[in-house]
Amino acid sequence: MSDYIVLAISCIFVNNILLAQFLGNCPFLGTSKKMETATGMAMAVVFVLVLAGIITWLTNAFILKPFNLEYLRTISFILVIASLVQFVEMFLKKSMPALYAGLGIFLPLITTNCAVMGACLINIKEDYTFIETIISSFSYAVGFGLALILFAGVRERILLAKVPKPLQDTSIGLITAGIIAMAFFAFKGMV
Amino acid sequence: MAKSITQEFVKGLWAEIPPFRLVLGLCPVLAVTKTVENGIGMGLATTFVLICSNILVSMLRSIIPTKIRIACFIIIIATFVTVVELLMQAFTYPLFLKLGIFIPLIVVNCIVLGRAEAFAFKNPVIPSTADGLGIGVGFTLSLAAIGLVREIIGTGALFGVSLFGADYQPFAFMVEAPGAFICLGLMLCIMNLVGNK
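Each protein sequence line maps, in turn, to chains Y and L. Its first residue numbered 1, the first sequence is counted upward by one per residue in my numbering. Its first residue numbered 1, the second sequence is counted upward by one per residue in my numbering.
Pulled out of the complex, with its shape left as it was, chain L reads as follows (with noise of 0.2 Å):
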């Protein structure tokens, strides 16, 4: 292995954080992001998910056959995701129903599979957990940066406390359907300036 540990995990911060650089996963981004609490949960559900799926993919890799992979993957990612929901419907409920459906749909995030697929398939353990710490955290960062931003402008407030006062009328377009499209089209722009120089 030429790539220590530690880049495997920081490759997933930068050079190919999701959902910006790889551009997967991309429905929960837009959907649960209407604040940072939800997105901040989002993405540590998916983080837990990425690193137990990675882990048992990596470990098992020699047993699963090439051909049936993807079903083999698929019912890995579906445990966990099970795990997951089941835990959060136990300790944080609340959370639990603003996300609703889209715990579940975790099963059919391409990030988590394309992981699997991508890396851990091919990979020994030890790589393979940091590889879905780092994009797990870096899917995390995303999501806070983008509810960040939607909650701001469209609400005016952060975490429910008001920043601008009362006289702040609030953007509600940002927190609404249209809003999420332009705002992360925009924050890949910004992403692009930024990284291409």
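Chain Y extracted, bound-state conformation (with noise of 0.2 Å):
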């Protein structure tokens, strides 16, 4: 059990998907602007991360890895992903229609936010066991949903400062970010 708790910190803070691993950085300076839409896109992401976590494991386990086709991963695993977002998106209009105005546009970009493959592939590389997968594919949304709300929140605040020209908008943005990843860089070498 105590593993299993290790391993979430680590995704979380230790090795944060964003700030660490560098990954799905395109709708973090992208959604960030306001906290409404950071909180759209961090929903999104975990429902469709744990999603895509749990189907690639499994396509990788019960399909690619018997026949020998490993080599086709990287086509498979987006094939999978594509049409898991179509699937989901789908579903939600039917039957919960106020989750689904509630995620609205970010479910189709999901597909390709580079968060939502690279954790897929992060955990066929660590070969993480089934139960590790959703617990690992879990943390690192919930990491990303972490630091996407806390950069909104500073963003927010910067709307209404005085910055020089050359360094508006995505430029702040950038160096916003580099200081928040300080901040989640104290926590290296704390697992």
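Misleading hints may appear alongside valid ones.
If you anchor each label on the Cβ, the simulated ranges turn out as follows [to be verified]:
1. Y93/L <-> T129/Y: 25 to 31 Å
2. K94/Y <-> T66/L: 23 to 29 Å
3. I149/Y <-> D167/L: 42 to 48 Å
4. P108/Y <-> P124/L: 26 to 32 Å
5. L79/Y <-> K122/L: 22 to 28 Å
6. I131/Y <-> S162/L: 44 to 50 Å
7. S162/L <-> P164/Y: 32 to 38 Å
8. S95/Y <-> T66/L: 26 to 32 Å
9. G160/L <-> M35/Y: 43 to 49 Å
10. F62/Y <-> P65/L: 29 to 35 Å
11. A172/L <-> I149/Y: 25 to 31 Å
12. N68/Y <-> V125/L: 32 to 38 Å
Just so you know, these hints were derived from the structure itself, not from any lab. All C-beta atoms, glycine included, are put in the ideal place defined by N, C-alpha and C.
Need the complex rebuilt from these two chains, each delivered in its own frame; the hints are there to steer you.
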């Protein structure tokens, strides 16, 4: 049990998917200008990443490995993730319209979010068991959400500040992200 | 076509240079630029995928139905990424190990998909090739530039050769995660200063 807790902490803080592994930076900068969009994106990622982690692990273990098709991993994973996102979108639209409205346009965007694909590939690379895969996918997604929401909070304040012209927008955003990454850097070596 | 092929190529080098002008595909930019060598390797792999996918998308643009175009693009791109992955595994194994999961992640690099959608799907083969080459070379140059700054400041060496002598204390912050963000942010600021005059 304690192993699982250590794994979760290491995925959320120490190896934070955004700030330590640099995955999913496009939505990180793109959707963090407002708190609402950041929360929406964070929720959508948690939802999809756990499902994608499970499904890609199953694909790898029961289809690719037995038939020695591991070289097709990249293609099959992206297809699985893309169709999963499409399926989740249709399912939510039909049966949970409230949640669908909340996630909105962020669902389709997730297909090209490298955090999802990256986390799935890390799970396979680290040879995680099924339970570990579920825990690590969930923790990576929580870490993503945490960093995104923290960053959005800071960015909303920056909008009120006077920033020199060449530094505006993305430039100051990246520097802010660097300072937040410094905070997360302190967790390094903890686990 | 009003624009010539050279124009399509050159715009990727300055006017639309990724990741500075088009803020896309930041993940590999931040992650693999610890050294110049990694940066160039990653840039070349991406360039190859960009050119091939642009050519194929542009050739097939009248066949691909508009509604499912994104899925078609992703399959085309994934195919070429697998090709690059296998080639690098065979010929440049040490680099392949260093770049790790960022090679398969070229599939979800927004630049490649972005060019397929914004350019190759609407233009004939030759301009699309030029566009892919231009954006690819621009991307490689940016990666190399960021790698250069981070490697020199962060380790005091270039390609493993010490530059400032034994007295230099390497500013290791630059090769760590936070340094990547701040370095890119400052370089973007310099680009804005130079470009907006």
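Quick rundown of the hints versus the structure:
The hint said 25 to 31 Å for the Cβ distance between Y93/L and T129/Y, and at roughly 28 Å that hint holds. The supplied range of 23 to 29 Å is met by K94/Y and T66/L, whose beta-carbon atoms lie about 25 Å from each other. Taking 42 to 48 Å as the suggested C-beta distance range, the pair I149/Y and D167/L conforms, at roughly 44 Å. Range check, P108/Y to P124/L: Cβ separation about 29 Å, and the 26 to 32 Å hint holds.
The hinted range of 22 to 28 Å is satisfied by L79/Y and K122/L, whose Cβ atoms lie roughly 25 Å apart. Evaluation of the 44 to 50 Å hint for I131/Y and S162/L yields a pass: the beta carbon distance comes to about 48 Å. Here the CB-CB span from S162/L to P164/Y is close to 36 Å, well matched to the stated 32 to 38 Å. Distance hint check for S95/Y and T66/L: the Cβ-Cβ separation is about 29 Å, which falls inside the suggested range of 26 to 32 Å.
Separation of G160/L from M35/Y is about 46 Å and conforms to the stated range, judged on CB atoms against 43 to 49 Å. In this structure the supplied range 29 to 35 Å holds for F62/Y paired with P65/L, their Cβ-Cβ distance being about 32 Å. With their beta carbons about 29 Å apart, A172/L and I149/Y fall inside the hinted range of 25 to 31 Å. In this structure the hint that N68/Y and V125/L lie 32 to 38 Å apart at CB holds, the actual value being about 36 Å.
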